[in-house]
Structure formats: C-alpha cells, structure tokens
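Asks: So the chains spell out like this:
Number of protein chains: 2
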Amino acid sequence: MTTDASVFASRREKLNSLLPQQGLDAVALNAGPMQTYFTDLHFHLMERPVVVFLMPNQFPIIVLPEFEKGKTEGIKDLTVVTYGEDPALWQESFSRAAAELIAPPKRIGVEGLRMRVMELRYLEGALPGAKFEQAEPLIAQLRMHKDEAEIDAMQKAVEIAEAALEATVTKVKIGMTEREISGILIQNLYTRGCDPELPFLPIIAAGANSANPHATVSDRKVQKGDLLLFDWGANVGGYFSDLTRTFAVGEIDEELKRIYEIVKLANQAGRD
Amino acid sequence: MTTDASVFASRREKLNSLLPQQGLDAVALNAGPMQTYFTDLHFHLMERPVVVFLMPNQFPIIVLPEFEKGKTEGIKDLTVVTYGEDPALWQESFSRAAAELIAPPKRIGVEGLRMRVMELRYLEGALPGAKFEQAEPLIAQLRMHKDEAEIDAMQKAVEIAEAALEATVTKVKIGMTEREISGILIQNLYTRGCDPELPFLPIIAAGANSANPHATVSDRKVQKGDLLLFDWGANVGGYFSDLTRTFAVGEIDEELKRIYEIVKLANQAGRD
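Here the protein sequences line up with chains P and C, keeping their order. First residue of the first sequence: 1, per this note's numbering; consecutive thereafter. First residue of the second sequence: 1, per this note's numbering; consecutive thereafter.
Read the hints as simulated data drawn from the structure, not as lab findings. Heads up, a few of these hints could be off.
Claimed, not checked - Derived BS3-like pairs: lysine-lysine, alpha-carbon spacing no greater than 27 Å straight-line:
id	chain 1	residue 1	chain 2	residue 2
1	P	Lys71	C	Lys224
2	P	Lys173	P	Lys264
3	C	Lys146	C	Lys76
4	C	Lys69	P	Lys221
5	C	Lys71	P	Lys224
6	C	Lys71	P	Lys264
7	P	Lys69	C	Lys264
8	C	Lys221	P	Lys156
9	P	Lys171	P	Lys14
10	C	Lys221	P	Lys71
11	C	Lys264	P	Lys71
12	P	Lys106	C	Lys131
13	C	Lys221	P	Lys69
14	P	Lys171	C	Lys69
To be verified - The following label-pair restraints were derived from C-beta to C-beta distances:
id	chain 1	residue 1	chain 2	residue 2	range
15	C	Gly175	P	Gln141	32 to 38 Å
16	P	Lys106	C	Ala211	41 to 47 Å
17	P	Ser17	C	Leu256	47 to 53 Å
18	P	Gly84	C	Gln91	38 to 44 Å
19	P	Leu113	C	Ala163	32 to 38 Å
20	C	Glu166	P	Asn16	48 to 54 Å
21	P	Arg258	C	Ser6	33 to 39 Å
22	P	Gln223	C	Asp4	29 to 35 Å
23	C	Asn212	P	Asn16	31 to 37 Å
24	P	Ala167	C	Lys173	16 to 22 Å
25	C	Ala88	P	Gly84	40 to 46 Å
26	P	Glu85	C	Glu47	31 to 37 Å
27	P	Thr170	C	Gly175	22 to 28 Å
Stated by the list, open to error - If we take Cβ atoms under 7 Å as the criterion, some of the chain C residues that face chain P in the derived model are:
id	residue
28	Val110
29	Leu120
30	Ile151
31	Met176
32	Arg179
33	Glu180
34	Ile184
35	Gln187
36	Thr191
All C-beta atoms, glycine included, are put in the ideal place defined by N, C-alpha and C.
Whenever a hint applies, use it, and build me the whole structure from the sequences.
Replies: Following this line, the structure appears as structure tokens:
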C-alpha cells in the first residue's frame with residue numbers, strides 16, 4: 001500500500017487533537033502497524049527496541065538501532081536517535097530521544113498488546129515520574145474511520161486470504177498433517193502479496209481438533225470423514241483479515257452433518 | 001519433543017534454588033518457550049493473556065481463558081485459574097491466581113522481551129507494591145546447561161532449517177520475488193516438522209537488499225548476477241536455530257565475487 005506523505009501528517013494532527021480528551025500528553029509506539037499508520041515506517045518486533053514518540057507541535061522522534069537507520073531515509077519530518085550494539089547504552093539513547101520532546105510529558109499512551117516490558121522500562125528510565133497509560137481507547141477512536149486507501153487494504157487482505165485458501169484446499173490430500181497444510185496456506189498467502197508478518201498463526205484443525213476454538217497446528221493427519229477447519233488471515237500494509245471456514249473431508253456421518261450445518265451458519269455470520 | 005514429566009519438576013526445583021541469589025521471590029511467565037520449559041504447556045502469544053506463576057514450595061499457578069482449559073489436562077501439579085470472555089473480569093482472575101501464592105512475593109522476575117504491558121498491568125493489579133524485575137539473568141543461568149533432549153531439539157532445529165533451505169534453493173527461479181521465496185521456505189520448514197511459531201520472520205534479500213543486515217522481505221525480483229541472502233531458522237519445541245547463507249545467482253561480477261568470498265567466510269564463522 002502506498003499512501004501520500006501528507007496523510008501521515010494529517011493522522012498525527014488528528015491524534016494530537018484527541019490527546020487532551022484522553023488526558024494524555026504524548027504517545028509512544030512500538031514497532032508494528034500503529035508506527036506505520038502515523039509515520040510510514042515499517043518495522044517488526046525484534047530483540048532490539050524501535051520506539052516512536054508522538055507529541056503535539058513537533059515532529060515524531062524515533063529511537064532505533066544504528067544499522068536500521070537506512071529505513072528512515074525518505075521519511076520526512078522525523079527526528080532520528082540511534083543506538084549501537086551494546087545494550088548497556090540503549091537507555092542513554094532513549095533518554096536522548098526523550099530530551100528532544102519540547103516538554104516532558106506526564107501521561108504517555110502505550111499499546112498494552114504491542115509494547116513489551118523491555119521498551120516500557122527504557123521509557124520509564126527516560127521519563128522518570130511519567131505515567132504510562134492505555135493508548136487503546138484513543139487509537140480505537142482514531143482508527144474507527146477508514147480512508148479509501150485503508151478500505152482498499154482491508155479489502156485486499158480479505159481477497160488474498162480467500163484466494164490463498166482456495167489454492168490450498170485443492171491441494172489437501174488424505175494423510176496430510178495440519179502442519180503441512182499450514183505451510184501450503186502460508187506459501188499461498190505470500191505468493192498473493194500478504195506481508196511477511198501474518199495477523200496470527202493460521203489454525204488448521206482436523207477432526208476432533210476442529211472442536212477446539214483455538215487449537216494449535218499439530219501433526220494430526222487428515223482422515224476421511226473429518227471436519228477440517230481453517231482460521232487464518234492476511235496482512236496488507238498492517239491491515240489484517242481474519243476468516244474461518246470449515247470443510248467436510250469426503251462423506252461425514254449424520255451427526256457431524258448436523259454440526260457442519262451449524263458451523264456453516266456460524267461461518268456465514270462471520271465468526272472469528 | 002517429548003520430555004518426561006519429572007524433568008519439568010526438576011527444572012522448577014533448580015529455578016527455586018536460584019531465586020534467592022537473584023533477590024527474587026517468584027517468577028511470572030508469559031506464553032512462550034519459558035512456560036513450556038517449566039510446565040510442558042504450549043501456548044503462543046495472543047490477545048488473551050496466559051501467565052504462569054512459579055514460586056518455591058507450591059505447584060505452578062496458571063491464569064488462562066476458560067476455553068483454553070483443555071490444554072492443561074494431563075499437566076500434573078498445576079493450579080488452574082480461568083477467565084471468561086469479558087476483559088473487565090480478567091483482573092479479578094489475576095488477583096485470584098495471586099491469592100493462591102503461599103506468601104505475597106515482593107520481587108517477581110519477568111521476561112522483558114516476552115511479557116507485554118498488558119500482562120504486566122494485570123500482575124501489578126494483582127500484587128500491589130510488588131516489584132517486577134528482569135528474569136533474564138536467572139533464566140540465562142538455568143538454560144546454559146542443556147540435557148540430552150534439549151540438545152537433540154537444537155540439533156533438529158538446525159537440521160530442519162538446513163533441509164528446508166536445500167529444498168527451497170532448488171526451486172528459486174529468475175524473476176521470483178523475495179516474498180515468494182520466503183513462502184516456499186516457510187512451507188519447507190513446516191513440512192519438515194518446524195513448529196508453527198517461527199523463531200523470527202525469515203529474511204530473503206536479493207541484490208542490493210542483501211547488503212541490509214536486517215532487510216525485510218520485499219517484492220524485488222531475483223535477477224541474474226544477484227547475491228541472494230537467506231537469514232532464517234526453525235523452532236523445535238521452543239528450541240530455535242538461526243542461520244544465514246548467501247548464494248550467487250548465475251555469474252556475478254568480479255567485485256561481487258570478492259564480497260561473496262568475504263560473506264562466505266563470515267557464514268563459516270557462523271554470523272547470525
């Protein structure tokens with residue numbers, strides 16, 4: 001997905017305008033979709049922290065490893081603070097980044113599902129006395145309304161997921177394991193343009209496993225008479241799809257047929 | 001990897017014996033390899049928290065979603081606390097789990113790279129006044145020595161990664177994108193028994209991208225004369241391999257050949 005640079009600035013403007021009503025002075029974001037949403041930066045979680053500070057009346061500030069600096073080229077209006085390979089010096093870089101903030105924020109929004117304790121500790125060290133609060137209500141409010149490019153990305157994430165499933169189902173054979181099918185599905189997702197970081201690990205669940213709402217992929221082999229469940233999604237520029245479909249493998253018995261009809265209705269109702 | 005149940009108890013014994021020298025009273029672990037190491041439980045990170053408390057002189061305590069309870073069946077000596085679908089009630093379950101601890105711990109070790117702010121906040125709510133410290137030094141000390149089953153798993157993680165690469169390289173064609181190759185590699189990893197949660201997203205970097213130490217997979221097509229770099233690994237029961245190999249696509253020019261020789265030496269020296 002390509003988005004005009006002005007879009008990111010206007011998203012930050014909107015964020016800034018909503019900060020006061022959540023009682024927040026700033027937001028600190030870990031690598032992931034929200035960083036991309038506000039800055040067009042594309043990082044995924046790794047053992048080295050990549051954090052962006054957003055605060056009104058100034059450009060975003062990013063702390064990242066020196067060797068990743070190349071990825072910030074071409075991003076306009078960004079203050080870049082890097083650190084080297086010695087973790088003993090990372091705190092100092094976070095403090096240097098925080099010192100770039102035009103006023104020390106007292107309440108900072110963070111994403112509870114994305115920010116790890118590692119990054120939180122560096123932030124706490126850099127901003128002693130500051131409180132780190134939930135950014136989710138603010139973010140949910142911001143992201144409730146999608147622009148055309150976002151809707152396109154969401155649509156594409158569904159199309160890729162559906163096309164990948166179609167291509168996968170035709171290759172399923174009796175005796176294949178859930179794990180093997182999962183590999184085929186992921187390859188089909190990537191071939192069709194899904195971003196490397198999947199929304200979640202696909203669940204392929206055959207037979208009894210398909211009754212487990214959040215089964216993990218196992219080495220169970222697909223057998224005749226199984227129900228075969230797929231719970232998977234695609235990622236397009238940080239926009240995720242999340243689908244579930246269940247198939248019957250050959251003829252299934254009468255009781256399973258009844259269950260299958262119920263599951264089909266649930267599928268149509270769009271359960272996740 | 002199957003491990004005798006007594007192994008987990010003896011690992012916990014060892015953990016308990018090392019807690020005092022790190023000044024810790026307990027450890028709280030998020031879903032992931034360390035949970036598996038101490039309890040034989042297999043959870044991966046999701047939007048719902050799954051946390052295990054470990055403390056001397058009592059069985060491990062786990063907090064998890066009601067619908068995941070089935071996964072704890074067959075795990076001996078485990079105290080199970082569940083929560084329902086309403087997040088407003090999750091804090092109460094964490095508090096209930098903490099109340100099961102035989103004495104309120106003052107200093108609790110957590111993994112900074114694995115524990116998220118979400119789980120930390122529930123833990124802080126459940127154990128007011130407790131300090132959450134780095135569990136990493138303790139864990140590193142514990143895991144430095146591997147038993148036979150662990151060494152087997154590590155060896156297998158390397159073998160699977162190597163076999164998957166071999167099968168992938170023979171399928172690479174001029175004009176394929178990095179993303180497509182990544183899909184083929186992942187399928188080959190899974191087919192050979194790699195666990196669904198990869199150690200990290202494989203990096204496939206062609207041409208100029210191969211000079212970027214942590215490139216992300218792009219839609220660049222493989223061309224004649226490219227260097228083609230793979231940075232990938234496999235997961236066997238929470239034991240990760242991490243390999244890097246670089247290939248020449250057809251004939252490469254003299255300067256690249258010199259670079260290639262250097263990279264080959266670096267590969268042999270086992271850079272990550």
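Asks: Does C/Ile184 pass the interface hint, meaning its C-beta sits closer than 7 Å to a C-beta of chain P?
Replies: 6 Å, holds
Asks: Keeping to a limit of 27 Å between CA atoms, is the pair of P/Lys71 and C/Lys224 held or broken?
Replies: Since the Cα atoms of P/Lys71 and C/Lys224 sit roughly 26 Å apart, the hinted pair holds (cutoff 27 Å).
Asks: For the pair supplied as a hint, C/Lys221 and P/Lys69, confirm whether the alpha-carbon distance does not exceed 27 Å.
Replies: Holds, because 24 Å separates the two Cα atoms, which is no more than 27 Å.
Asks: Do P/Gln223 and C/Asp4 keep their Cβ atoms within the hinted range of 29 to 35 Å?
Replies: 30 Å, holds
Asks: Is the hinted pair P/Lys173 and P/Lys264 satisfied, with a Cα-Cα distance of at most 27 Å?
Replies: 22 Å, holds
Asks: I want to verify a distance hint. Is the separation of the beta carbons of P/Ser17 and C/Leu256 within 47 to 53 Å?
Replies: 51 Å, holds
Asks: For the pair supplied as a hint, C/Lys71 and P/Lys264, confirm whether the alpha-carbon distance does not exceed 27 Å.
Replies: Roughly 26 Å separates the two Cα atoms, so the pair holds.
Asks: Hint validation: C/Thr191 versus chain P, beta carbon distance must be below 7 Å. Holds or violated?
Replies: 5 Å, holds
Asks: Indicate whether the distance between the beta carbons of P/Gly84 and C/Gln91 respects the range 38 to 44 Å.
Replies: The hint (38 to 44 Å, Cβ to Cβ) holds, given that P/Gly84 and C/Gln91 are roughly 40 Å apart.
Asks: Quick one, are C/Lys69 and P/Lys221 close enough, alpha carbons at most 27 Å?
Replies: 24 Å, holds
Asks: Are the Cα positions of P/Lys69 and C/Lys264 separated by 27 Å at most?
Replies: This hinted pair holds, its Cα atoms lying about 25 Å apart.
Asks: Mind checking the CB of C/Arg179 against every CB in chain P and telling me if the closest is under 7 Å?
Replies: For C/Arg179, the interface hint holds, since the closest Cβ of chain P sits about 5 Å away, which is under 7 Å.
Against the hints set out earlier in the document, violations occur for numbers 9, 14, 15, 21, 30, 31.
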